[in-house]
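Assemble chain B onto chain A, guided by the hints.
The listed protein sequences derive, respectively, from chains A and B. Start counting the first sequence at 1; every next residue gets the next number (the working numbering). Start counting the second sequence at 1; every next residue gets the next number (the working numbering).
Do not rely on the hints blindly, as some may be mistaken.
[What the hints assert, rightly or not] Which stretches of chain B does chain A cover? Using the computed rule of at least three CB atoms under 8 Å from a CB of chain A, they are: (1) 43 to 53; (2) 140 to 151; (3) 236 to 242; (4) 285 to 299.
Quick caveat, the hints were computed from the structure, so don't treat them as lab data. All C-beta atoms, glycine included, are put in the ideal place defined by N, C-alpha and C.
What follows is each chain in one-letter form.
2 protein chains.
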Amino acid sequence: MGKMELVDSDGAKLSSALNRIARDIDAVFDVLLPVPDDTRAPLVEAMRYSAMDGGKRVRPLLVVATAEMLGVSRDPALRVGCAVEAIHVYSLIHDDLPCMDDDELRRGKATLHKAYDEATAVLAGDSLHALAFEILTDDETTPDPFTQAELVRTLAAASGMAGMAGGQMMDMAAESADYDLHTITRLQQLKTGALLAASVEMGAILAKIPREGRSHLRAYARDIGLAFQIADDLLDAEGDEEKAGKALRKDDEQGKQTFVTLMGVEGARNQARALVDHAVGHLGQYGEDAAVLRALARYIVERDR
Amino acid sequence: MGKMELVDSDGAKLSSALNRIARDIDAVFDVLLPVPDDTRAPLVEAMRYSAMDGGKRVRPLLVVATAEMLGVSRDPALRVGCAVEAIHVYSLIHDDLPCMDDDELRRGKATLHKAYDEATAVLAGDSLHALAFEILTDDETTPDPFTQAELVRTLAAASGMAGMAGGQMMDMAAESADYDLHTITRLQQLKTGALLAASVEMGAILAKIPREGRSHLRAYARDIGLAFQIADDLLDAEGDEEKAGKALRKDDEQGKQTFVTLMGVEGARNQARALVDHAVGHLGQYGEDAAVLRALARYIVERDR
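Same shape as in the complex, but just chain A (with noise of 0.2 Å):
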């Protein structure tokens, strides 16, 4: 009974804090987001239609949990959480552009450049991308320098060349590429789990944990990140439009290889509850600390957007 009983407590700490991230962060983004008076307005008004009142705030919720859970207090993460759901966030605009998969569904509601324009939506892509590095070397976010600049080296590495947008170039060769497993777990880990990654470790930066210390974080957030990817692969074979609020079944349009296709359906659902078991496993020695980043975990492969 033990087991069973610690999940549902886990499970309600968890909907409290996903309820709670989602309030903080729009809050966040309002005072940094002000509209100023001047023709900029629209370019601005479009960064807060896109960062505002939308998502699941996973990544925010990795930073603050795992911030929480080493003993930094709440505002400092909740700055960091909108850096990183900022790159997220023009990661997603960019995405959706014509030239790129040409969406017009995001987060239930019309994506940037159809509710704006294409021209706002590449601008207001590219304020979010700057305004994550203005965040990470605010004051008022740390005042120390030396946690400044190792934010923004793991935020950069994560969500570059060699991360976030290299994933997402090995994902647009993927339609006449024919990857094999190996190959798209490599591409899912740059595309997606960077940044998942990311997010856990720069809560753990925060609490000036130095980097060797870090290594059991480092492997949950690698196993949480490739559990995610696999979900939303899932989702896409499997789910329900309305429900994740923007258009699925686009992987078997475009012939791509996913988890899915290459593991088929029980053993992807398999293979992303494994991956779970594992990361939770690398949470031991957090103790009850640690609760909101299992439920967290769990969620992951179990949400239906």
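Then chain B, alone, in the frame of chain A:
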């Protein structure tokens, strides 16, 4: 005779400095952008296509000339120069996209989305954006975290919604907004001036000059930033497309107000020259050490590309 000789001697120093910086920046980008042995290769090749072998390298020269004037060795300054240039190049790539200025020629060759495709151009721009912050927080640039953080803070502010991207948004609204001289000046201070000013500022940050000791350099940068844009407007109105390596006469076609439409050709030219005299005046305390910065200010208004 003294003054003419000074200008000539400065001019020779500038010519040699421009040739040398062009070679050096290419060499650093060559090291920073090794082509990976996987399907990310086209992304990095696209980044190299746009970042290497082209451009006047005015921003890197501002970084390096300021840093060298203040006693910083060349290698770290070159890396910071590459970071600023990476931001400049990403902005050119995105500005050239069909949904923005829809340009086919840049630095005398096909724009990136013409040479590759739009999706690769969006991603290559984003990757150069991230690369800038990777460079600035690399211990090889400077091992001092305080300097790293201040460099990031300066570059992120100059490129985001309160800098370059904000100016670009104001520029997009210019066709319908019918700006006056005050607003055009503000627009250009953001769109072009902020990054030029940041270049000088970052050279001084590398030299660990505290903020209050950088006011003369900031004044120099502000003046040449505005002079640079007036010269660009003059080039657009009067220049030779072949020498410029890009399409001209665009402001007029789009019915935009510019310094030239608002002040006339002669008025704009006089204003640019007055700004350069002002800029050079701010360098007084640096004497002969400021030769390159002085000559660069004059070059900015006399250039034909």
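Hint by hint, here is what the structure shows:
For a cut-off of 8 Å, the count of residues in the stretch 43 to 53 of chain B with a CB near a CB of chain A stands at 3, and the three-residue condition holds. Here the stretch 140 to 151 of chain B counts 5 residues with a CB under 8 Å from a CB of chain A, which clears the bar of 3, and the coverage holds. With 0 residues bearing a CB less than 8 Å from a CB of chain A, the stretch 236 to 242 of chain B misses the requirement of three and the coverage assertion fails. Look at the stretch 285 to 299 of chain B against chain A: 0 of its residues bring a Cβ nearer than 8 Å to a Cβ of that chain, fewer than three, so the hint is violated.
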